[in-house]
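> What follows is the residue order along each chain.
Number of protein chains: 2
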Amino acid sequence: MNGSHGHKSCIVIGAGGVGVITAYSLFKAQKCQVSLIVRSDYDHVVQEGYNIDSCDYGAVKEWKPHYAYRNTQDAAAGDRFFDYIVVTTKNIPDGAAENTVSQVIRPLVESNARIDSTRVTCVVLVQNGIDIEKELQEEFDHPLALVSGVQLIASTKLAPGIVHQKGKDHLIVGAFDAMDAHAVAGAREFVEMYRNEGQNHVEFDASTRFTRWKKLLYNAAINTTTALVELDVPRCLEFAQGSLGTEHTLFRPAMQEIVAIAASEGITLGEQLIDFFVEITRNLVYKPSMCVDHEKGQLMEIEVIVGNPLRIAQRNGVPTPTLNVIYTLIKMLQSKTKEAQGLLKFDEKTARLAQ
Amino acid sequence: MNGSHGHKSCIVIGAGGVGVITAYSLFKAQKCQVSLIVRSDYDHVVQEGYNIDSCDYGAVKEWKPHYAYRNTQDAAAGDRFFDYIVVTTKNIPDGAAENTVSQVIRPLVESNARIDSTRVTCVVLVQNGIDIEKELQEEFDHPLALVSGVQLIASTKLAPGIVHQKGKDHLIVGAFDAMDAHAVAGAREFVEMYRNEGQNHVEFDASTRFTRWKKLLYNAAINTTTALVELDVPRCLEFAQGSLGTEHTLFRPAMQEIVAIAASEGITLGEQLIDFFVEITRNLVYKPSMCVDHEKGQLMEIEVIVGNPLRIAQRNGVPTPTLNVIYTLIKMLQSKTKEAQGLLKFDEKTARLAQ
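One line per chain: the protein sequences are A and B, in this order.
The numbering of the first sequence is UniProt numbering, which starts it at 1 and goes up by one.
The numbering of the second sequence is UniProt numbering, which starts it at 1 and goes up by one.
Looking at chain A on its own, in the form it has when it is part of the complex (with noise of 0.2 Å):
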């Protein structure tokens, strides 16, 4: 491992499937040194490194990212400043307090600003859902440039240092606000430091809200409903059929209140997408993030795709009727997790939440 690829220095946070692509595509590309977090599989991955069979890059073997990490605390207690920290983890705000996106970059926030309080750090969010700068506007003082990711992917770790990308890579970079200089130069460069010519796909977003408010279109309406009942997409629509079926009753009106809340902050999502997220999802036999993350017995990521948009929508005054309902039956089969996980206590004998 060595320094000797470019001036910047990335951190990627994250290495399941997702992660670890995006790693190794930053170091595929040599313009930047690549440190990644690896929690559960981190002597395996020091040892061997990983395995990659990749649509993009074919098959990579013992690939090592520059440095390697068990968390951020040890990444901090260098002298490394990461220009770019890139998150590729679930958001998940209401699981454990340690594991929300603040609580994770601390460290590496707190020793940028030791290292150079007059360099800017750059925080590449590449996850889910509209809102999830707030978190980080909130919590730190010092201002971070807030970079916005969205990624269209199928990677999947099979095992220790295994990983297999069966769907292209597909990411769309941009400022989440788009008067923040800073947060536009970095997203630029990070576009440039990400491409690998005719491999992955890659691209500068001009209006990130926007394109975060139309992938909650699918992800509100059909990624839920796929939790909460378990089943492909497909089996969704064709197992509650008739008038008052699948698509009219529940994918089309959620996707109709998402619609109206985006509109109630000025942002236009044609009613053609609707049309379009129904049709390229009927046929393909697949079971979304949220479906996935739920039969695994994880948490799933409610609030950044469902709460915050309800909470606009409570504010603007757009009424959810739809969205409501799936909210609040996904947030008891979100509860029913913690509890499980003995995040959340409950007292039979009271018939209420433990303190």
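Simulated from the structure, these hints should not be mistaken for lab results.
Model, not experiment: these values are computed from the prediction.
Mixed in with the good hints there might be a few duds.
Remember, identical chains collapse to one label, so a pair may be satisfied in a single copy or spanning two.
To be verified - Computed list of lysine to aspartate or glutamate pairs in DMTMM-like fashion (alpha-carbon distance at most 25 Å, straight line): (1) K168 x E348; (2) K345 x E279; (3) K349 x E247; (4) K296 x E98; (5) K134 x E98; (6) K349 x E279; (7) K296 x D41; (8) K336 x D232; (9) K64 x D79; (10) K336 x E48; (11) K287 x D347; (12) K134 x D94; (13) K345 x E295.
Assemble chain B onto chain A, guided by the hints.
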């Protein structure tokens, strides 16, 4: 077993926890002959009888009904006329065709007609839901006296021949059609045959449609929700707190929709009933029937509890945004169970239901 207990003959269909107590109540009152259809534990019951631990009747040892049959075909093969066909099974019209109420009772209705076509056959449906009598009106040419039974009871079959009744039996019986003199007379007679003074509670119901809508308030809103998330009622209430919580986003709106549907056909359910149901369920850690059925991998009574009310709403132009979502989701779960049971086939190649 002998025929000395009176002139009328009753046959009880469904020998689960509830059906056995229903049959025993008729037997104990000594005003009719009691036949029982015993499916799974027939051999055990014929040899050893039932051992019942009952909050109404105490410890009952080795009880046997006057007659027991494996199925309604066997019961119909004799020359016995059954004045009362008492159905205590679940009502699942979307389940296996041979298990619909009309198919199950058909042999008895036909043998009755053969034995004495001038005598009235009373069918007592001790079941949940609305419009459950319609199937029998459509399926049979010979007019039946259709009697409604709405029961509150908690009773479980723990093992072959072993029944534990924890909650007192409260049965209310009346004519589905108050203008049907045979059904009214049959209901009144059934009340007398069923009563065990000081032990169980049975009364005549002058307005069965009101009674059924009232019970639907609970079943369509609360029972369904618990099944969707597989949680008891207090956890449902506590696990999604806040202004968008379960009570205000789900339970009350769903119940208000039932109130509106009932009102559209002239039945007035007071709003205070909604408060009543929310309050009585808040402190009792209890999983209702649909939740239990679903957790056991069994089909749920979704059509009589949600589907039929929604069909009335559609006819009468009543908006039901909350119940639509609940129905669509629970229909997906029902189809999932049907797929597991082989009642429905999904072709992953075409991503469509197989014909």
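> Work down the list of hints and note, for each, if the structure agrees.
Tested hints:
no., hint, result
1, K168 x E348, "between (48 Å within a copy, 23 Å between copies)"
2, K345 x E279, "between (42 Å within a copy, 22 Å between copies)"
3, K349 x E247, "between (41 Å within a copy, 20 Å between copies)"
4, K296 x E98, "within (21 Å within a copy, 37 Å between copies)"
5, K134 x E98, "within (17 Å within a copy, 58 Å between copies)"
6, K349 x E279, "between (49 Å within a copy, 16 Å between copies)"
7, K296 x D41, "within (19 Å within a copy, 38 Å between copies)"
8, K336 x D232, "both (21 Å within a copy, 11 Å between copies)"
9, K64 x D79, "within (21 Å within a copy, 84 Å between copies)"
10, K336 x E48, "neither (38 Å within a copy, 43 Å between copies)"
11, K287 x D347, "between (34 Å within a copy, 16 Å between copies)"
12, K134 x D94, "within (14 Å within a copy, 48 Å between copies)"
13, K345 x E295, "both (21 Å within a copy, 22 Å between copies)"
Of the numbered hints stated above, the single one contradicted by the structure is hint 10.
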